[in-house]
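Using the sequences and the hints, build the whole thing.
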Amino acid sequence: MSNSEENLKFECPRCSEQVWEQFYGPCGSCREDLRQIFVADLRDVEVGKFQPKMNVTPNAVATKE
Numbered sequence: 115m116s117n118s119e120e121n122l123k124f125e126c127p128r129c130s131e132q133v134w135e136q137f138y139g140p141c142g143s144c145r146e147d148l149r150q151i152f153v154a155d156l157r158d159v160e161v162g163k164f165q166p167k168m169n170v171t172p173n174a175v176a177t178k179e
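All residue numbers in the sequence shown are consecutive under the working numbering, ending with 179.
Among the clues, some could well be false.
Unchecked claim - Distance ranges between label pairs, derived from CB positions: (1) F124 - D147: 14 to 20 Å; (2) E125 - P166: 52 to 58 Å; (3) C144 - Q165: 43 to 49 Å; (4) Y138 - M168: 22 to 28 Å.
Keep in mind that the hints were calculated from the coordinates and are not lab data. Glycine included, each C-beta is placed from N, C-alpha and C at the ideal position.
Written as structure tokens, this is what we have:
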């Protein structure tokens with residue numbers, strides 16, 4: 115395909131109808147159905163303050179006064 119606006123003729127993988135679309139995948143009506151089924155609810159997620167883990171013990175030189 116030399117032109118990116120050319121449509122492909124293929125069978126919709128979801129409903130098995132012949133469709134003309136620019137990209138392979140579900141047809142327009144199946145995409146709308148999927149959008150209705152998988153609607154995501156927006157919600158606020160609280161994240162706790164980051165506490166770095168202390169894996170290293172201070173060496174004697176650093177703690178020497």
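Going through the hints against the structure:
Evaluation of the 14 to 20 Å hint for F124 and D147 yields a pass: the beta carbon distance comes to about 18 Å. Between E125 and P166 the beta carbon distance is about 54 Å. The supplied range of 52 to 58 Å therefore holds. Look at C144 against Q165: about 46 Å separates their beta carbons, and that is inside 43 to 49 Å. The hinted range of 22 to 28 Å is not satisfied by Y138 and M168, whose Cβ atoms lie roughly 52 Å apart.
When the structure is compared with the earlier hints, a violation turns up for hint 4 alone.
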